Amino acid sequence: MASYSTNEFKRGLKILLDGEPFNIVENEFVKPGKGQAFSRVKVRNLRTGRVVEKTFRSGESVEAADIFEKEMQYLYADGEFWHFMVPDTFEQYAAEEAAVGESAQWLKEEDVCQIMLWNDSPLSVLPPNFVELKITETDPGERGDTSSGGVKPATLETGAVVRVPLFVNEGEVVKVDTRTGEYVSRVK
Amino acid sequence: MSDDWRPSGDGDCLMARASLLRGIRDFFEREDVLEVETPVLSSAGNSDPRIESLSIDINGQRFWLQTSPEFAMKRLLAAEHRAIYQICKVFRGGERGRNHNLEFTMLEWYRPGWTHFELMDEVARLIALALGRAALPTGTLTYREAMRTHGQIDPWLCGENDLRTAVGELGADASLDRDEALDLIFSVRVVPNLDPDSVIFIHAFPESQAALARLDEELGYPSARRFEAFFGGMELANGYHELTDPDEQEQRIKTELEQRRRAGLEQPTADHRLIKALQHGLPACAGVAMGIDRLLMLRSGARHIDEVLCFPVERA
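Those sequence lines, one after another, are chains A and B. Reminder that position 8 of the first sequence reads as 535 in our numbering, one-by-one numbering, no gaps. Reminder that position 85 of the second sequence reads as 1221 in our numbering, one-by-one numbering, no gaps.
It cannot be assumed that every hint is accurate.
What the hints assert, rightly or not - Covered by chain A, according to a simulated footprint, are these stretches of chain B (three or more residues, beta-carbon under 8 Å):
1) 1182-1189
2) 1224-1234
3) 1301-1312
Treat the hints as calculated values from the structure; they're not laboratory data. What you are looking at is a predicted structure, and each value in this text was computed from that prediction instead of being measured. Note that the Cβ used here is the ideal one computed from N, Cα and C, for glycine as well.
Let the sequences and hints guide you as you build the complete structure.
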């Protein structure tokens, strides 16, 4: 695989350190006037999500990580893997639970997700920013009941639980922001 | 069509630069320091292993672009024995970042008969002037004090393990040598923790980082009569009580070239004309080099050097 020198470092560059894939979050050139030059980076481990600081001598090289992001349609889950398909090529990929993580609760068939591939294997799954899901279970809300702050829990068709306004009922479809897990609106 | 024909800095920065240069010239005229011009090209390169000299080929002969006007100005001093200053472009390969451009503007001046302590006072006055202030608070501490206070490392006493642990905490691996480790700790632990609203002078550098400064043991341990000035979190100037001994200077150059060879770096031609000038006799003097672009950044609140440059290297 290719390598990058520190003078090519920039935000968003995908590199391999000790066999783990990282994304460069911040990069700074540091050099005392008459001293050694360094490249100090903040990097996010794309597998664990942890951010760490690393320091390299200016001019050193690191291995490039084979990371690609592709848009894929969610097909189905079989209990062990979540299956996705690239729309144009019909290529299918199977993502493990570790790669899907929190996104599992938002996945609805045919929704287009952003899949990060490492060495052509799913590393992480990002659902669309907004999803429209049907409420499968929720208590009927009493109009004028403000004791709960005007919201009640609702279970959605994917199993996700979100807080919705009291006037929203079972069977209705709601729009949810997957980044915050919050109810946005009803969908007609 | 990209906009890279345009300057990266704005109109205000143009005026700020013109005003700063005027102010600096007025300052030195009042102080009776003469402005000089020495060549940007030299038949010799810089032997410092941490600085990359750029070179060009002119009719089969190699010339180097100056990384500082130091050697040429010292040759001039050996002939003229008077206080001189220069504002000029210098070039350092591989240096690019928020505070670095490959080509930048340096103000460098020499005071025959002064120690570097007297020069520090003048540096503080000039920085205040550049920032439009009547005076600025100053602070002075030794490299040793600075490293012990902010880096928890005593460079004169610490062992390899202490350094390895310290740089490990900064995400560096164990391959850093002693000076590299000190440089990293200094840059990350010391500099950002200096009072940004005072001109802070750090002096008495380790022997291994003496560069062109004299060495002595006045503090009870060997150190270099060298200082750096900081303000606003930035390194602004580097100065010395200048080394005048030709034999020691020649030995330092040889040592540096050997360090370059061992590191697999090119060894530029050594400046034998500088040695001849020192053999003739360089007056005892103190000298300092200051980054003009960084002064401008502080003056205008710029977060990146490109904001004060017309055309940084990528759009030169």
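Structure-based check of all given hints:
1. 1182-1189: holds (count 3)
2. 1224-1234: holds (count 5)
3. 1301-1312: holds (count 5)
Of the numbered hints listed earlier, not one is contradicted by the structure.
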